[in-house]
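Sequences listed follow chains L and G, in order.
Start counting the first sequence at 1; every next residue gets the next number (the numbering used here).
Start counting the second sequence at 1; every next residue gets the next number (the numbering used here).
Worth flagging that the hints you see were computed from the coordinates, not collected in a lab.
Among the clues, some could well be false.
Restraint ranges, calculated between C-beta atoms of paired labels, are given here [said to hold, decoys possible]:
hint : chain 1 : residue 1 : chain 2 : residue 2 : range
1    : G       : Pro58     : L       : His79     : 53 to 63 Å
2    : G       : Val188    : L       : Gly97     : 42 to 52 Å
3    : G       : Phe297    : L       : Gly97     : 31 to 41 Å
4    : L       : Ala109    : G       : Ala21     : 38 to 48 Å
5    : L       : Val195    : G       : Leu42     : 21 to 31 Å
6    : L       : His79     : G       : Leu52     : 48 to 58 Å
7    : G       : Gly38     : L       : His79     : 40 to 50 Å
8    : L       : Arg28     : G       : Ala11     : 52 to 62 Å
9    : G       : Lys445    : L       : His79     : 47 to 57 Å
10   : G       : Val188    : L       : Val195    : 42 to 52 Å
11   : G       : Ser60     : L       : Thr76     : 52 to 62 Å
12   : L       : Val211    : G       : Leu18     : 38 to 48 Å
Covered stretches of chain L (chain G as the covering partner; in silico rule of three or more C-beta atoms under 8 Å from a C-beta of chain G) [stated by the list, open to error]:
hint : region
13   : 103-112
14   : 134-143
15   : 148-162
Every value quoted in this text rests on a predicted model; they were computed, and no experiment measured them.
Note that the Cβ used here is the ideal one computed from N, Cα and C, for glycine as well.
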Amino acid sequence: MNPLWFDIAHLLAGGVLVLSLMLLYQDRITAVINVFALQAVVLSLSVGWQALVQSAPHLVATALIALVAKGVIIPTALHRIVRKLDIHREVERVVSGGPTMLAGLGLVALSILLVQPVVETADPVAREDFAFALAVVLLGLLVMITRRNAVTQVIGFMSLENGLILAATGAKGMPLVVEVSVAFSVLIAFIVFGVFVFRIRERFDTVDVNVLERYRGERREHL
Amino acid sequence: MQDLVAALPLAPVTLVLLLPALAVPVLAGLSNYRVSAGLNMLFSGLTFVAGLLMLAAPRSRSDFIIVDDFNIFLVVLTTFIGFSTSVYSASYIGHELETGRLTPTFLRFYHAMYQAMMGAMNVALVSNNIGLMWVGLEVATLATVMMVGIYRTPEAIEAAWKYFILGSVGIGLAFFGTILIYMVSSNVIGGGIPAMAWDEIVRHADRLDPKLLSLAFVFLLVGYGTKVGLAPFHAWLPDAHAEGPTPISAVLSGLLLNVALYALLRFKMVVAGNPAAINVGAILMTLGLISLLFAAFMLYGRRDIKRLFAYSSIEHMGIATFAFGLGGPLANFAGLLHMTMHSLVKSAIFFAVGHVAQAKGTQRLADISGLSTTHPLLAVGFALGVIAIVGLPPFGVFMSEFLLVSTAFARQPILTVLLVAGIILALGALLLRLQQAIFGEPHGKADPVKASYLPLFVHLLLALVAGLWLPDALVRWFRSVAALLG
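Whole structure, please, built from the sequences with the hints as guidance.
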């Protein structure tokens, strides 16, 4: 295979990873949404490139779904929600950016160390894509842990799912059914999220999930 | 796609999937709650009948659907408890409407979600395609998230949010594991749909790359283990049980945890088929014991009655996981029996708890006492349920725990000491609570219970019969499944 093709595949998958790292330190909600949308666009480019390299036309459908659903519809909806909730100017204090970035780098190193020796049988594109994908998944988790805002937590979750799509396209010949159903369930998950974020707002007057903590479990009996 | 079409004429299986799918739009469109509660029962009942018909139908497989001894028994159990819970729920929600906790609009939604959840669990159970199985569990999870938050109190929203976030992470990691499994199997079987078929993967298990297989199992374990409620990943479980409507607590504990454990066991069978991969049994035993001991200690000091029994569910899933981890025909038999008995008894207990909470107007344990004088029949049902769940004879849970402990002593004496310690600790905690709730001085509200006791006593009767006498056919069935599990 043409070495340039490898490089482009790596560049795009690496781009998704870099955008995951960028998600870690953004402190304005609108910026977080924009980075997420950009990540979805790069993801769809990466999937589209895989479609070309693997000559798998069904991956084009996956790329289009990623582009339309995660690159356009969900970010637009998020922007509207954020404006409706009147938090679009809100600045969220990220739990100390420096250590979070270091933890993020650690996770990237971890996933490369974990995947490289294990996936020795697979072809190199799949192997490195897989390391990237695992890193994106773990960084998504890190975003969910460090954020205290319901909207940004869910963006962390969706970026985690970007990692899943990246992994799924790296696996050669993964049936389309799977990716369609993933897209479908992400959509349901998004609807569920939409319902809840409004309920949280309605009850608590904020979407800061720290407020929820007060109602945790049996603690309410002390109130 | 052709396989999908070819799979459809398998009549009873198709019905088990189609009936709930049909029920969702019908129930979502109906505004009269009495009619929709009745229809909910009807649809659940018909699904149960279809599940029973699966027993008679020939075993079959396609790349999407598989019907074997293992999942038929779980489909029958799931549809049965789904049916009895729908009967219970019909009388339960009438009371919730009266007290104004739910409005008719929310009930429409509630019934539609109930069927969506039942259908999704059936999909997860009968799917041969590991991706489809994942979709079933994900949809079932999201449906229950919506139901947990249905009361819209601050606590309910907090519980639902936590469940949503943790459930999504779990399910995301499980999907990553699923992709890894596909990657391993496609190297051997070749790409495309057959490489996602579970039975094909098991057949080629010994030729799969062991390292990658082990890595995949770790992801699947953390992912589906979250849904089973195993100890380090259990944080969502008590909240979700305590804050949602009681019928949902009953199906969460009785069914969803089982389905997640079932998914985990399917993958255990894959990894166990490869001698060079990690030792799955040891991991499952460890997690099971941790869950059991942790939950047993947490049972002390609970103040909320539904939360108390949620921890008891963690405890029992721990016992079942330990049994499957130990493996071998006897331990697997005990594990299967334990799953079944726990489903029946725990849902019965939640039925009783729902009645108690409605009669006393509270879930606080401190406010629940003296049931034997105010509600004698309910007190009997509740007491029998608790006696059954702590593993006292003559109920079925005793049978399964006895079997497990006796076979474990021969093979893992030190671990068995911990197992027995956990069981006894839990027994102490629950009996302590029971004593106060039943015989204490009655105080506070004591409304009459209008709901039907039928589902409660039917479940207890089944658990009692299973404890005294297991039909030969059932024993043979469980044995063959136990052999299948390896």
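We went through each hint and held it up to the structure:
1. G:Pro58 to L:His79: 53 to 63 Å: holds, 54 Å
2. G:Val188 to L:Gly97: 42 to 52 Å: Holds, since Val188 of chain G and Gly97 of chain L (Cβ atoms, about 45 Å apart) stay within the stated range.
3. G:Phe297 to L:Gly97: 31 to 41 Å: Holds, at about 39 Å.
4. L:Ala109 to G:Ala21: 38 to 48 Å: Taking Cβ atoms as reference, Ala109 of chain L and Ala21 of chain G lie about 46 Å apart, which means the hint holds.
5. L:Val195 to G:Leu42: 21 to 31 Å: holds, 28 Å
6. L:His79 to G:Leu52: 48 to 58 Å: Check passed, 51 Å falls within 48 to 58 Å.
7. G:Gly38 to L:His79: 40 to 50 Å: Since the Cβ atoms of Gly38 of chain G and His79 of chain L sit about 44 Å apart, the hinted range of 40 to 50 Å holds.
8. L:Arg28 to G:Ala11: 52 to 62 Å: holds, 57 Å
9. G:Lys445 to L:His79: 47 to 57 Å: Holds, since Lys445 of chain G and His79 of chain L (Cβ atoms, about 49 Å apart) stay within the stated range.
10. G:Val188 to L:Val195: 42 to 52 Å: holds, 43 Å
11. G:Ser60 to L:Thr76: 52 to 62 Å: For Thr76 of chain L against Ser60 of chain G, whose Cβ atoms are near 45 Å apart, the range 52 to 62 Å is violated.
12. L:Val211 to G:Leu18: 38 to 48 Å: Holds, since Val211 of chain L and Leu18 of chain G (Cβ atoms, about 43 Å apart) stay within the stated range.
13. 103-112: With 0 residues close enough to chain G, the hint is violated.
14. 134-143: holds (count 4)
15. 148-162: holds (count 5)
In summary, the numbered hints that this structure violates are 11, 13.
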